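Novice: Input sequences plus hints: build the corresponding full structure.
For the protein sequence lines, the chains are B and R, in the order given.
Each residue of the first sequence is one higher than the one before, counting from 60 in our numbering.
Each residue of the second sequence is one higher than the one before, counting from 4 in our numbering.
Derived from the structure by calculation, the hints contain no laboratory data.
There may be inaccurate statements among the hints.
Each computed DSS-like pair below joins lysine-lysine, with the alpha-carbon atoms no more than 30 Å apart [what the hints assert, rightly or not]: (1) R:Lys118 to B:Lys307; (2) B:Lys224 to R:Lys21; (3) B:Lys224 to R:Lys68; (4) R:Lys143 to B:Lys414; (5) R:Lys148 to B:Lys313; (6) B:Lys307 to R:Lys21; (7) R:Lys119 to B:Lys307; (8) B:Lys307 to R:Lys122; (9) B:Lys313 to R:Lys119; (10) R:Lys122 to B:Lys313; (11) B:Lys307 to R:Lys68.
Note that the structure is predicted; figures quoted are calculated from it, not measured.
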Amino acid sequence: MTTTPLDHDFESVTAGLVQPQLPRWAAVLIGAMALAVAGLLTMVMGWSVVGGAILAGLLFVIGMPTWSRVVEGGRAAADRLATCLVWGAFVAVLVPLIWLVWLVLKNGLGAISLSFLNESMRGVVGEGGGIYHALMGTLLVTLAATVISVPIGLFTAIYLVEYGKGSRLARVTTFLVDVMTGIPSIVAGLFALALLVLIFGPAIRIGFGGSIALALLMIPTVVRSAEEMLRLVPSDLREASYALGVPKWRTIVKVVMPTAFGGIVTGIVLAISRVIGETAPLLIVAGATDSVNMNLFNGRMMTLPVYIFSQYSSPGVPAFGTDGPPPGYARAWGAALVLIGIVMILNLAARILQKIYAPKSDRRR
Amino acid sequence: MAKSIDVSDLDIYYGDFKAVEGVNMTIRAKAVTAFIGPSGCGKSTFLRALNRMHEVIPGARVEGKVIVSGQSLYEPGIDPVAVRRQIGMVFQRPNPFPTMSIYENVLAGMRLNSKKISKSDADAIVERSLQGANLWTEVKDRLSKPGMGLSGGQQQRLCIARAIAVSPEVLLMDEPCSALDPISTSAIEDLIHELKSEYTIVIVTHNMQQAARVSDDTGFFNLKATGEPGHLVEFNPTNKMFTNPDEESTEAYISGRFG
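Specialist: The following block contains the structure:
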């Protein structure tokens, strides 16, 4: 058979463009094979299910690029490998999250009832009791911490962005805020305790001390996020306002802050979510109690994290003559579920606020 | 009402860097004055010095005199905020406030200063300003819609409406058409012609045809060399500038033979 030069050229060009590809069902096949091999090995060797799942994942990550390398070539194999690794990272993050939520729901839902939310632990030795005192404590302490830290954080951010641009004080402040981010929560608690002892004398335990400790942990987060958001406001808008004869402070209050409002609120809520689960500083300063205490400035105050800790560390004994786990365990799971619920509600609220206050626009330029 | 501006021996600095040197001119009331010149020659800087917007940038300062109807703007006792209330400004990029509706944007000058105005007065001001900016018929049915939802040309006219709503005596425009298409540009030029009857208008432009079309007087700014401060080469009635300029370099720039 003879070929003209033209035919030859045409063939070599198409040969360069068309690459052999793995069939679509390749991933399914490899997955099934990996599962089968891992399952078999797990059964034969008597490994746990988790071990088997990890082995299946590894086999897939090795098998897919190898097959691809043989059929499709090096670049496609690298692409398959990277895809596998990215998906693997995604699953590795998602699994603990789902597991945690499922575990808390499974163990906690049973404990939750109207009386659980409505009763304190006062005088409760065995079954019964609730989280009312801890729930109120957490809400009050966190609210006070927010009231302290939001103005401080917001004004610091406004100074850094609007007034202190590049000045020595602004640079020092930024550095100190960064240092503050790294304060261990227990140290914040000890600081708050030391402060209170200086003022009120030794052996002081009040809820407000917990608020001080939490505020210390919140301030750097609030400053950082608010600073970012204020910087994102275009300077065009500030100039437009100045050109209308609006003083600088009014420009900040009425133009810059409303434009950045959504982001600032999100930052504050994230800061609250971060501190609401803090245990160590609250255990030190706010103490622990079994009764309801609505006064931040007098007496020990229970909070949800401390409640969970104390219910798990001293769970009590089941009623006389019955068998089963100590009653404190169920209460701890229930409290954990409520705590997660609060954080979730806060985050949803922030999203809704952000939607409402986002700069209005029919279209983006 | 509209005021004239006298500038004498004005030097403008950014920190140690002298950006504009030795400007002398008289800007006539109820006329359009255009500034042309290559990029970086200090036209916009000079414009911003006329209502003390210049000093918003840290380290920026001014030497010399700017006198608006007998009052020197850079005297120690002068409040820059009060100056900016009398001398409004429109910027290169349309910048309506994104959190406000069209209605609120027009009233921004009053609302941001917490001036108490009745609903009927407010409505009247919005209608008068939007009509003044040739935008009323286009937006009168959607005043409560966000200002950012308008097209670029409409946004720029909204900014002009916002600037004239506070009834300034002078209106400064910093390349108001450079981000706009030809149709919006022509709408704004028509608007400048109409506004001339009430306001003193100063406009910076890169478009020499635009300067020729809209202005009564034209100033040509240039740099002696790169790194040197910009200066005013020639300031004359627009007709003379575009037909028989005094300076060689003006003619070179206008006819496109600029080196």
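Novice: Now tell me, hint by hint, if it's right for this structure.
Specialist: Hints, verified against the model:
no., hint, in the structure
1, R:Lys118 to B:Lys307, "holds, 16 Å"
2, B:Lys224 to R:Lys21, "holds, 22 Å"
3, B:Lys224 to R:Lys68, "holds, 29 Å"
4, R:Lys143 to B:Lys414, "holds, 27 Å"
5, R:Lys148 to B:Lys313, "holds, 19 Å"
6, B:Lys307 to R:Lys21, "holds, 26 Å"
7, R:Lys119 to B:Lys307, "holds, 20 Å"
8, B:Lys307 to R:Lys122, "holds, 27 Å"
9, B:Lys313 to R:Lys119, "holds, 16 Å"
10, R:Lys122 to B:Lys313, "holds, 20 Å"
11, B:Lys307 to R:Lys68, "holds, 25 Å"
This entry satisfies every hint, going by the numbered hints stated previously.
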